[in-house]
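Here the protein sequences line up with chains B and E, keeping their order.
For the first sequence, the residue numbers in the working numbering are 1 to 209.
For the second sequence, the residue numbers in the working numbering are 210 to 727.
Honestly, the hints are just simulated from the structure, not real lab data.
Computed from a predicted model, the values in this text were never measured in an experiment.
All C-beta atoms in this analysis are idealised placements derived from N, C-alpha and C, irrespective of residue type, glycine included.
Some clues are possibly wrong.
On the chain B side, residues computed to face chain E include the following (Cβ under 7 Å) [what the hints assert, rightly or not]:
no.: 1; residue: N25
no.: 2; residue: A28
no.: 3; residue: G34
no.: 4; residue: T39
no.: 5; residue: M71
no.: 6; residue: I75
no.: 7; residue: D78
no.: 8; residue: D84
no.: 9; residue: Y202
no.: 10; residue: G203
no.: 11; residue: G206
no.: 12; residue: M207
Below, a list of computed lysine-lysine pairs in the DSS-like style, where the Cα atoms sit at most 25 Å apart [to be verified]:
no.: 13; chain 1: B; residue 1: K37; chain 2: E; residue 2: K303
no.: 14; chain 1: E; residue 1: K665; chain 2: B; residue 2: K37
no.: 15; chain 1: B; residue 1: K38; chain 2: E; residue 2: K588
no.: 16; chain 1: B; residue 1: K47; chain 2: E; residue 2: K303
no.: 17; chain 1: E; residue 1: K306; chain 2: B; residue 2: K47
no.: 18; chain 1: B; residue 1: K37; chain 2: E; residue 2: K235
no.: 19; chain 1: B; residue 1: K182; chain 2: B; residue 2: K208
no.: 20; chain 1: E; residue 1: K665; chain 2: B; residue 2: K47
no.: 21; chain 1: B; residue 1: K38; chain 2: E; residue 2: K270
no.: 22; chain 1: E; residue 1: K303; chain 2: B; residue 2: K38
no.: 23; chain 1: B; residue 1: K47; chain 2: B; residue 2: K37
no.: 24; chain 1: E; residue 1: K296; chain 2: B; residue 2: K23
no.: 25; chain 1: E; residue 1: K296; chain 2: E; residue 2: K270
no.: 26; chain 1: E; residue 1: K588; chain 2: E; residue 2: K665
no.: 27; chain 1: B; residue 1: K208; chain 2: B; residue 2: K181
no.: 28; chain 1: B; residue 1: K176; chain 2: B; residue 2: K208
no.: 29; chain 1: E; residue 1: K293; chain 2: B; residue 2: K37
no.: 30; chain 1: B; residue 1: K14; chain 2: B; residue 2: K38
no.: 31; chain 1: E; residue 1: K665; chain 2: E; residue 2: K306
no.: 32; chain 1: E; residue 1: K312; chain 2: E; residue 2: K270
no.: 33; chain 1: B; residue 1: K47; chain 2: E; residue 2: K323
no.: 34; chain 1: E; residue 1: K303; chain 2: B; residue 2: K52
no.: 35; chain 1: B; residue 1: K47; chain 2: E; residue 2: K235
no.: 36; chain 1: E; residue 1: K270; chain 2: E; residue 2: K235
no.: 37; chain 1: B; residue 1: K38; chain 2: E; residue 2: K293
no.: 38; chain 1: B; residue 1: K52; chain 2: E; residue 2: K296
no.: 39; chain 1: E; residue 1: K598; chain 2: E; residue 2: K296
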Amino acid sequence: MCIEANGQRPLLLKRLAFVNMVKGNIGAASVYLGALKKTLFDADWAKDRLEKIERDPNLSTDEEIQQLRSMIPTIDRDFQPTNDNILLDLLDKNRHNRMAFEYLEAFYLLTNQHDKFVENLVRLNDFDYTGIPRVYEEAILLYSYTKKTKVEIPGREISAESRERFNNFLKVLFGKYGGDKKAAFYELAGTYGDSYFFYSAYGLSGMKQ
Amino acid sequence: MSKKVLIFVSVFFGILPAYGDQICSKNIDKYETIERSARISPDYNSTVIPPNIAPLNFMVKEEGSRYLVKIYSQNGEAFEVFSKSAKIQIPEGKWHKLLEKNKGNELHFDIFVKTNTHGWVRFGTITNKIAGEDIDGYLVYRRMPPFHYPVKSRIGIYQRNLAGFDEKLVLDSRRYNANCVNCHTFCLNQPNKVLMGVRLNNQGAKTLLIEDGVAGKIGAKFGYTTWHPSGKLAVYSINNLPVFFHTAGNDVIDTFDLNSALMYFVTDSKTIKTSPEISRKDRQETWPVWSADGQYLYFCSAPMMRLDQTKAPYEGYNKVKYDLVRISYDLANDKWGKVETVLSAADTGRSIAMPRTSPDGRWLMFCMCDYGYFPPWQKNSDLYLMDLKVAGQTDRYKYRHLEINSDKSEAGHSWSSNSRWVVFSSKRVHDLFTRSYISYVDESGKVYKPIVLPQKDPEFYESCLDAFNTPEFAVGPIAVIGEKLARVMHSDNQISVDTPFTMATPKTEKNQDWQEAQ
Numbered sequence: 001m002c003i004e005a006n007g008q009r010p011l012l013l014k015r016l017a018f019v020n021m022v023k024g025n026i027g028a029a030s031v032y033l034g035a036l037k038k039t040l041f042d043a044d045w046a047k048d049r050l051e052k053i054e055r056d057p058n059l060s061t062d063e064e065i066q067q068l069r070s071m072i073p074t075i076d077r078d079f080q081p082t083n084d085n086i087l088l089d090l091l092d093k094n095r096h097n098r099m100a101f102e103y104l105e106a107f108y109l110l111t112n113q114h115d116k117f118v119e120n121l122v123r124l125n126d127f128d129y130t131g132i133p134r135v136y137e138e139a140i141l142l143y144s145y146t147k148k149t150k151v152e153i154p155g156r157e158i159s160a161e162s163r164e165r166f167n168n169f170l171k172v173l174f175g176k177y178g179g180d181k182k183a184a185f186y187e188l189a190g191t192y193g194d195s196y197f198f199y200s201a202y203g204l205s206g207m208k209q
Numbered sequence: 210m211s212k213k214v215l216i217f218v219s220v221f222f223g224i225l226p227a228y229g230d231q232i233c234s235k236n237i238d239k240y241e242t243i244e245r246s247a248r249i250s251p252d253y254n255s256t257v258i259p260p261n262i263a264p265l266n267f268m269v270k271e272e273g274s275r276y277l278v279k280i281y282s283q284n285g286e287a288f289e290v291f292s293k294s295a296k297i298q299i300p301e302g303k304w305h306k307l308l309e310k311n312k313g314n315e316l317h318f319d320i321f322v323k324t325n326t327h328g329w330v331r332f333g334t335i336t337n338k339i340a341g342e343d344i345d346g347y348l349v350y351r352r353m354p355p356f357h358y359p360v361k362s363r364i365g366i367y368q369r370n371l372a373g374f375d376e377k378l379v380l381d382s383r384r385y386n387a388n389c390v391n392c393h394t395f396c397l398n399q400p401n402k403v404l405m406g407v408r409l410n411n412q413g414a415k416t417l418l419i420e421d422g423v424a425g426k427i428g429a430k431f432g433y434t435t436w437h438p439s440g441k442l443a444v445y446s447i448n449n450l451p452v453f454f455h456t457a458g459n460d461v462i463d464t465f466d467l468n469s470a471l472m473y474f475v476t477d478s479k480t481i482k483t484s485p486e487i488s489r490k491d492r493q494e495t496w497p498v499w500s501a502d503g504q505y506l507y508f509c510s511a512p513m514m515r516l517d518q519t520k521a522p523y524e525g526y527n528k529v530k531y532d533l534v535r536i537s538y539d540l541a542n543d544k545w546g547k548v549e550t551v552l553s554a555a556d557t558g559r560s561i562a563m564p565r566t567s568p569d570g571r572w573l574m575f576c577m578c579d580y581g582y583f584p585p586w587q588k589n590s591d592l593y594l595m596d597l598k599v600a601g602q603t604d605r606y607k608y609r610h611l612e613i614n615s616d617k618s619e620a621g622h623s624w625s626s627n628s629r630w631v632v633f634s635s636k637r638v639h640d641l642f643t644r645s646y647i648s649y650v651d652e653s654g655k656v657y658k659p660i661v662l663p664q665k666d667p668e669f670y671e672s673c674l675d676a677f678n679t680p681e682f683a684v685g686p687i688a689v690i691g692e693k694l695a696r697v698m699h700s701d702n703q704i705s706v707d708t709p710f711t712m713a714t715p716k717t718e719k720n721q722d723w724q725e726a727q
């Protein structure tokens, strides 16, 4: 679909070739590689992969491919871009799939499904995060504040810095501006424009100067 | 004379090619012999080829620095193709002369490769048989990206001269501002009676009718269509076909039929009709095809499943299996008989789709897949053949699985006008990039190893991001194409038709199966 929408860009051809190699669609992968072979900068990458396929048609000795194949979901569902099933399936298949976890939590945060976000925080211990990612800390603080409940993650603590930022955010919004979000916008954007507090309040991100 | 001088003289007097570049087998006095035949791509080896097909250009998949192929048969002059690369492109004139003189004979390729280690090597001869019967002169197919959904992409209908490599655009969705150009249906493989479905951005779905060099537009949507051999009417399906995607497995895109029925367009009166027998409220009818004599309409039929549309992906969609049925028709009195089962899904265990009768009336080729009506999107779809002559004598519809099937999807087949060739769509080599394959069918119904539709550049398919689908043979080119056809498509003029109902609807439980025409 991406080719149909954006044209035969080398970046897309490369990604589609790779995805099809992982899926075992070697015939389709070869066609994408064949098209990529005609481009200027990725021809060598394509030739190298085509030679690999020639030597090992199922790519059974390629460690990266094998590792990715082990993570392919096996539970069949109707794909909807607006549900979390496929990400949960990926994590069921491999609980160390960090990309799936981060997409899942990001999906919950973006769609304000805070209960589900909190429910899945326990998975943090399946990965090698040091502490808790800042945005997650901000979301946890917000959740605790609005739900009047404490969120515990075994072995992990919310940093003092995040707590202080949240308290300051509240002071500015409710103390200085009396909860008038419109009036507080520019001041909050300047300091907290990259925070989840700000996103939750305004639906915008990346506003910090 | 030194080599340099000779090259100068050659170039100066326009004598090409230069010294040392041309080799013929007579000059190769010393070579090693390898018994096995050389690997070539596409695989044009040990099969039957049409006597009027374009040159079967190929790549030699053997390491070497020079390549020579000697092409010969029983009659006529042998000729040779020399190449500095592994790409073998056969001169059209010599090819056609040789094939024309050798209908029914064997065609041989002797392949010589100059290797770095062993000098010249000769591989075992590749032999194909040249059929006695021609293939239809044209193939009309769609070229499109593998996915047309949800992004509406470019779809083109093309006609290809099978004796050469000339491919002409018939209609293109993007160039001519259409949403989609759909199936094209010929009456008895004749290009002067064609129906073609189009979906227009501003007018909705319409059908183009090309008759004797004149194109018109019918103000109705025709689905899968079949011309009665008389050319007096065409039966078509109306379907409600949602598309969805799987999260697991390689075939990610899928569809099913929520509701369908058959109708027919009468060319003289320009009217659309149906019969209760082919538009039953408790059945889904699709994939109609006429018997060669026009006395029976074959089609696929499944019980109406009340699919739960609240449960993605429509729980139960993969339980729907279609039977093959037929109904008699009396053209003179416009009377339909009773539906009779030819082959039931309960007996085969699989779903039957895309029946196509051979023009001589002898054979019926069809697909079977695990469920549903649309085999191209199912890896397990295979082709089967039924002998209608034997069935007529014994009243038993025996069928067989064809040897030409692969472990990928085979579907979308069409017969040549002489019933000796079938073309079908297969994903056997390039997965989602469907290609058109041609097979010879002998009088006993044996179907021979298929060849992929030949291209001038034998590496063409290796980087072609188009899928080729819905191939249909035609004995000549469609007369109205391109701009001319597009003008008709966008014109305000259309053949207005009254339809018994506009679209199948799933709301059958409310005693209102069909939406009344406005």
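Hints, verified against the model:
no. : hint               : in the structure
1   : N25                : holds (4 Å)
2   : A28                : holds (4 Å)
3   : G34                : holds (3 Å)
4   : T39                : violated (10 Å)
5   : M71                : violated (12 Å)
6   : I75                : holds (6 Å)
7   : D78                : holds (3 Å)
8   : D84                : violated (12 Å)
9   : Y202               : violated (31 Å)
10  : G203               : violated (26 Å)
11  : G206               : violated (28 Å)
12  : M207               : violated (32 Å)
13  : B:K37 with E:K303  : violated (33 Å)
14  : E:K665 with B:K37  : holds (19 Å)
15  : B:K38 with E:K588  : violated (30 Å)
16  : B:K47 with E:K303  : violated (35 Å)
17  : E:K306 with B:K47  : violated (39 Å)
18  : B:K37 with E:K235  : violated (37 Å)
19  : B:K182 with B:K208 : holds (16 Å)
20  : E:K665 with B:K47  : holds (23 Å)
21  : B:K38 with E:K270  : holds (20 Å)
22  : E:K303 with B:K38  : violated (32 Å)
23  : B:K47 with B:K37   : holds (6 Å)
24  : E:K296 with B:K23  : violated (30 Å)
25  : E:K296 with E:K270 : holds (9 Å)
26  : E:K588 with E:K665 : violated (29 Å)
27  : B:K208 with B:K181 : holds (16 Å)
28  : B:K176 with B:K208 : holds (19 Å)
29  : E:K293 with B:K37  : holds (21 Å)
30  : B:K14 with B:K38   : holds (12 Å)
31  : E:K665 with E:K306 : holds (18 Å)
32  : E:K312 with E:K270 : violated (28 Å)
33  : B:K47 with E:K323  : holds (23 Å)
34  : E:K303 with B:K52  : violated (38 Å)
35  : B:K47 with E:K235  : violated (36 Å)
36  : E:K270 with E:K235 : holds (23 Å)
37  : B:K38 with E:K293  : holds (20 Å)
38  : B:K52 with E:K296  : holds (22 Å)
39  : E:K598 with E:K296 : violated (45 Å)
Checked against the numbered hints given earlier, this structure breaks hints 4, 5, 8, 9, 10, 11, 12, 13, 15, 16, 17, 18, 22, 24, 26, 32, 34, 35, 39; the rest are met.
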